[in-house]
Amino acid sequence: MGMAVWIVRRSINAFFDGYQSFTSIAALLVFPVSASVLLSQALIPFATPPLLEAISLRLWTLFQAARFPASAGFFSLLNVKLAQTVFTFVSTLPLVLTFLLRSILRTHLFNSFVVLSANASTFALLFLVFNAVDLLGLSTSNVVLCLSAAGAVLYSVVVANTTVICNLAIVVSATDNCGGYLPVLKACLLIRGRVMTALGLALPANLGMAAVEALFQYRVVRQYNLSGELNSSLFWEAFSITYFHALLVVLDVIMSCMFFKICRTDCHSDWEKGHGHHGEELEPEDKVTLHV
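Okay, so the sequence shown: first residue is 19 according to our numbering, each after it adds one.
Check the hints yourself; a few may be wrong.
Here are the simulated lysine to any residue pairs, SDA-like style, with alpha carbons at most 20 Å apart [unchecked claim]: (1) 99 <-> 54; (2) 99 <-> 232; (3) 279 <-> 164; (4) 99 <-> 132; (5) 99 <-> 170; (6) 99 <-> 137.
Distance windows between CB atoms, simulated [stated by the list, open to error]: (7) 143 <-> 121: 33 to 39 Å; (8) 203 <-> 247: 48 to 54 Å; (9) 139 <-> 111: 19 to 25 Å; (10) 253 <-> 37: 24 to 30 Å; (11) 168 <-> 198: 17 to 23 Å; (12) 244 <-> 214: 39 to 45 Å; (13) 111 <-> 243: 22 to 28 Å; (14) 254 <-> 168: 43 to 49 Å; (15) 158 <-> 178: 27 to 33 Å; (16) 174 <-> 203: 21 to 27 Å; (17) 248 <-> 206: 41 to 47 Å; (18) 37 <-> 235: 27 to 33 Å; (19) 254 <-> 150: 30 to 36 Å; (20) 131 <-> 251: 39 to 45 Å.
These are calculated hints, taken from the structure and not from any lab test.
Yeah, the Cβ is synthetic: ideal placement off N, Cα and C, and Gly gets one too.
Let the sequences and hints guide you as you build the complete structure.
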């Protein structure tokens with residue numbers, strides 16, 4: 019945890035050292051993406067009912083086919099959140115892809131596949147557990163409640179680790195100019211033994227973005243629903259909150275880059291200790307292999 023705090027402090031210092039450059043990036047490149055994310059979440063209650071209901075119905079049908087307990091509040095909440103996440107992802111995907119570099123476009127698409135696979139694997143495991151409990155005749159209300167709580171913890175851990183790996187894969191793709199599955203594999207190797215540090219870095223960034231999204235819902239969406247009009251003060255408040263969200267995204271990227279730099283340095287040091295043989299200089303062929 020101390021390493022995570024140190025990386026956060028170094029990232030904040032780096033942000034203020036290059037304040038003009040990073041704020042310009044947030045205004046020109048990240049601001050449209052942040053606006054699309056905030057607006058897509060605000061438009062969920064006003065979305066086309068057949069679309070959102072169709073997503074929710076498909077997910078609920080999947081849960082019923084897997085024989086998940088319909089009375090469990092965890093799966094009801096999960097159904098709603100997954101439907102909202104799918105709607106937000108689909109509505110923001112064109113704009114996000116427009117502002118991505120070509121070198122990380124394939125990585126972003128493969129990350130989507132990785133997230134989908136992680137969700138599918140978790141649901142498959144929960145399917146086996148709940149059906150095994152049902153076959154053994156142990157499906158009482160207390161057992162179902164305990165399994166639902168354990169499933170919530172398991173799902174949160176899997177999603178958190180998947181998110182960290184995907185974010186690091188984007189950084190690897192941008193720095194190494196590679197795309198597809200290779201950055202994800204490199205991210206898995208780099209993060210090995212440093213999962214707690216990565217989760218410690220992801221927690222403040224995600225909490226900050228969630229707080230800004232909640233602030234946007236409360237200060238902008240709620241006020242617009244009450245007044246029914248978009249005046250100048252409300253517009254500039256929405257603009258300020260969106261820009262702050264963009265700054266948090268930039269800071270999150272800086273922390274990911276700092277973490278990537280430390281992981282790569284540690285991996286190089288470990289490799290040299292394992293193959294250096296009493297401090298001998300590496301051969302050119304070994305250096306090329308190490309770089310790869």
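Verification of the supplied hints:
no.	hint	verdict
1	99 <-> 54	holds, 18 Å
2	99 <-> 232	holds, 15 Å
3	279 <-> 164	violated, 41 Å
4	99 <-> 132	holds, 19 Å
5	99 <-> 170	holds, 13 Å
6	99 <-> 137	holds, 13 Å
7	143 <-> 121: 33 to 39 Å	holds, 34 Å
8	203 <-> 247: 48 to 54 Å	holds, 52 Å
9	139 <-> 111: 19 to 25 Å	holds, 23 Å
10	253 <-> 37: 24 to 30 Å	holds, 26 Å
11	168 <-> 198: 17 to 23 Å	violated, 34 Å
12	244 <-> 214: 39 to 45 Å	holds, 44 Å
13	111 <-> 243: 22 to 28 Å	holds, 27 Å
14	254 <-> 168: 43 to 49 Å	holds, 46 Å
15	158 <-> 178: 27 to 33 Å	holds, 30 Å
16	174 <-> 203: 21 to 27 Å	holds, 24 Å
17	248 <-> 206: 41 to 47 Å	holds, 45 Å
18	37 <-> 235: 27 to 33 Å	holds, 29 Å
19	254 <-> 150: 30 to 36 Å	violated, 56 Å
20	131 <-> 251: 39 to 45 Å	holds, 43 Å
Hint compliance for this structure: hints 3, 11 and 19 are broken, all remaining hints hold.
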